Amino acid sequence: MDLQDIKHETMRFHYEDGLLDVFIGGLFILEGIDFMFIESKYRLLVSIIVGLGPVFYIKAKEYITYPRQGYLKLTKKTRQRLMINQFLIITFIGFITLYGLFYMMGDPTNAPPLILFLNKYNLLFTGCIVAIILFATGRIHHVNRLYRYSIISILVFSACFLYLNPPVVVSRKITGFPLLINGIIITFMGAKQVLSFINKYPKRAN
Amino acid sequence: MSTESSEIELPMFNEIDKLIHEPARLLIMAYLYVVESADFLYLMNQTGLSFGNLSGHMSKLEDVDYIKIEKSFIDNRPNTRLCLTDVGRKAFNEYRNSMKDIYK
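These protein sequences, in sequence, are chains A and B. Under the numbering used here, the first residue of the first sequence is numbered 1, with each subsequent residue one higher. Under the numbering used here, the first residue of the second sequence is numbered 207, with each subsequent residue one higher.
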């Protein structure tokens, strides 16, 4: 008996409901809509909705998951480790790379060749970063489905790069489109997972 | 097998906590060891034990103070939450060590 295996199995069981997938998909949809349609004065509203995401997630867990699958509370050490790892990934890979490197330093008139190169293939790099975030999240939380979404992200961003043929400096609208498509696909697959979870585990008395 | 070898190995086997060694209880202890707390339904799903079977094993583990059972109501439904006590955690660690000693 390997306790590490039991720990991993516990995590997989915890995320079997598919709510994490819907949550991630929803975030991508919101970000995509924000990038494509929202004017800067409404951006705060989008940020508030994104910030409220975890509250909806916890409520959905209480309503859908716990009455069917039972409740478990991970150890404090495990919860802290998960939060720190996730925070590091989002902060360092997501924020610094997406906003710092691609948008703030991407001045095409006076930019070093590397920045120009990154700007030219912006959509592909953004797709890779989204894929890395999903892959790392899958690794940390032991949710294998996120590996699938990571591959889908690369495919969606690559397809958009080839189809939209973006200019050297990519606009927010163009970046928002693959985010939105990716979000719709992940949410749809997540919703399917939620339905299969509900069918697999009927509500039971505890 | 010679008498001499049995004399050497028997004390080792006597150190095994037989209450934990039973497969179903070992599974319950292991699942509770990796979490802070879990409820009855979660353990039923994970271990595959029936309601009555799990209740019986839980009572035995509670009697020796290895697990703590808290009963409450959530949305007018009864909820039984379990967690490993410090005594239980220590006993499980000792059990793991004694098993490692046997198989080294």
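Worth flagging that the hints you see were computed from the coordinates, not collected in a lab. Fair warning: this is a prediction, and the values are worked out from it, not measured in the lab. Think of the CB as a built atom: it goes at the ideal place given N, C-alpha and C, for glycine as much as any other residue. Be careful, since some hints might not be right.
Stated by the list, open to error - Here are the simulated DSS-like cross-link-like pairs (lysine-lysine), alpha carbons at most 27 Å apart as the crow flies:
(1) K76(A) / K274(B)
(2) K296(B) / K61(A)
(3) K296(B) / K76(A)
(4) K73(A) / K296(B)
What the hints assert, rightly or not - Computed footprint of chain A on chain B, listed as stretches where at least three residues anywhere in the stretch have a Cβ under 8 Å from a Cβ of chain A:
(5) 246-254
(6) 267-276
Q) Taking 27 Å as the top limit, are the C-alpha atoms of K76(A) and K274(B) close enough? A) Satisfied, since the Cα-Cα distance of roughly 18 Å is no more than 27 Å.
Q. Taking 8 Å as the C-beta cutoff, is the stated coverage of the stretch 246-254 of chain B by chain A satisfied by three or more residues?
A. holds (count 7)
Q: Would you check the hint for K296(B) and K76(A), treating anything up to 27 Å between C-alpha atoms as holding?
A: holds (18 Å)
Q | Pair hint outcome, K296(B) versus K61(A) [Cα-Cα no greater than 27 Å] | A | violated (32 Å)
Q | Pair hint K73(A) and K296(B), alpha-carbon separation not exceeding 27 Å | A | Holds, at roughly 20 Å.
Q.
Just to make sure I understand the rule, a stretch counts as covered if three or more of its residues have a C-beta closer than 8 Å to a C-beta of the chain. Does the stretch 267-276 of chain B meet that for chain A?
A. As far as the stretch 267-276 of chain B goes, the hint is violated, because 0 residues have Cβ atoms under 8 Å from chain A.
Comparing the model with each numbered hint stated earlier shows that hints 2, 6 do not hold.
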